[in-house]
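Enquirer: Chain residues, written in single-letter form:
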Amino acid sequence: GESVGLHLPTLSVQEGDNSIINCAYSNSASDYFIWYKQESGKGPQFIIDIRSNMDKRQGQRVTVLLNKTVKHLSLQIAATQPGDSAVYFCAEITGTASKLTFGTGTRLQVTL
Amino acid sequence: NAGVTQTPKFRILKIGQSMTLQCTQDMNHNYMYWYRQDPGMGLKLIYYSVGAGITDKGEVPNGYNVSRSTTEDFPLRLELAAPSQTSVYFCASTGGGGYTFGSGTRLTVV
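From first to last, the protein sequence lines are chains W and B.
The numbering used here puts the first residue of the first sequence at 1, with every later residue one more than the last.
The numbering used here puts the first residue of the second sequence at 1, with every later residue one more than the last.
Don't take each hint at face value.
List time: in silico EDC-like cross-link candidates among lysine to aspartate or glutamate, alpha-carbon distance up to 16 Å [claimed, not checked]:
1. K44(B) with D26(B)
2. K44(B) with D56(B)
3. K42(W) with D38(B)
4. K99(W) with D49(W)
5. K99(W) with D56(B)
6. K42(W) with D84(W)
7. K99(W) with E59(B)
8. K68(W) with D49(W)
9. K14(B) with E79(B)
Reference listing, derived: stretches of chain W covered by chain B, where coverage requires no fewer than 3 residues with Cβ under 8 Å from a Cβ of chain B [claimed, not checked]:
10. 39-45
11. 100-112
In case anyone wonders, no lab produced these hints; they're calculated from the structure.
In this text, a Cβ means the ideal position worked out from N, Cα and C, and glycines have one as well.
Next up, chain B with everything else stripped away, as it sits in the complex (with noise of 0.2 Å):
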């Protein structure tokens, strides 16, 4: 039993480069979230689902897509990298009772 695993844990990006962080559970939760943090703040939520085939926009969404094709995948998308997309990336899931988080995506632009 894994949890909840993200990957990559750090990525360099120039402006304007796309990619996806990866976001999966073993614990057949059907919510999952995305959150960043920013340094010396909390998190902030940039887009959740509440089941497959669902999802939603967060507090943060602009720059950001997300799909829920299966139960145990949450990927986040970054279309085009900017500056302001420097940041920790965490993944979430919870199936009613507590909350696992993965370790965390530590991304710069530049």
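Next comes chain W alone, as it looks inside the complex (with noise of 0.2 Å):
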């Protein structure tokens, strides 16, 4: 079926450095996706959004970057810190009821 999956299983970073995490979705007709952030023993916590007629959005020290012709999503953590060690996530959105659909995560680790 449809899924969202994530390149990196785990990506190790710098303190200070960009970080890009990857993520190649199969629905080409999905029209949202977000990117989330899970810290261990927490649910996931919203970073950034974009719809597909977009294909760049920033937000604070994060940009999402859409590439629709090769289903593909990236997020990019500028100057990384330790408070950004997590697993990150790509979702996309299918369907009338908004369902929310999850890779598999990336695990973030950031080296002093």
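With the hints as a guide, dock the two chains, each given alone in a separate frame, to form the complex.
Expert: See below:
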């Protein structure tokens, strides 16, 4: 079936460097995507979203890029901090009930 | 404004026991969802509801039941607990804008 997946299960970056987390999706009809951050023992926390009519969206230290041609989504975190260490999920919205379909996640480890 | 509240936070069940995971939201959201998350995995949709009195199956509904008698509450019922239902369960809601997740219920079936 349709699914959302991630390329890298674990990403280690040094504090202060930029991080890039990638996601491939397969449902070409999806028109809304969200990146979530999940810390240990907590629920998913919204980071940033993007609609399919956009290629790029920026937030505070985060940027999401959407390439519909190759069905690829990325999350860029600038000046990565220890507090950014977590698991990051991309999710796509499908259907009239706005159901979220999650990928398996990428663990971001920030080293000092 | 508490957002989405889930109870209990932790529970250990014996095989064959039943329980209800509670979920309440105070944001007047029409859409509510139940997800389960196995270790190292993403969230999978169990059931969802687009409004009071309306529920539908998600990706992994077997072994679960839900009801939605009010806008605020969306309980998830396990009738005959099995070890395969050991997981962390998240409830979420949306009113058409962002999604709000509860803090989760960690369930272990032994």
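Enquirer: For each hint given before, does the structure comply? Return the numbers of the non-compliant ones in rising order.
Expert: 1
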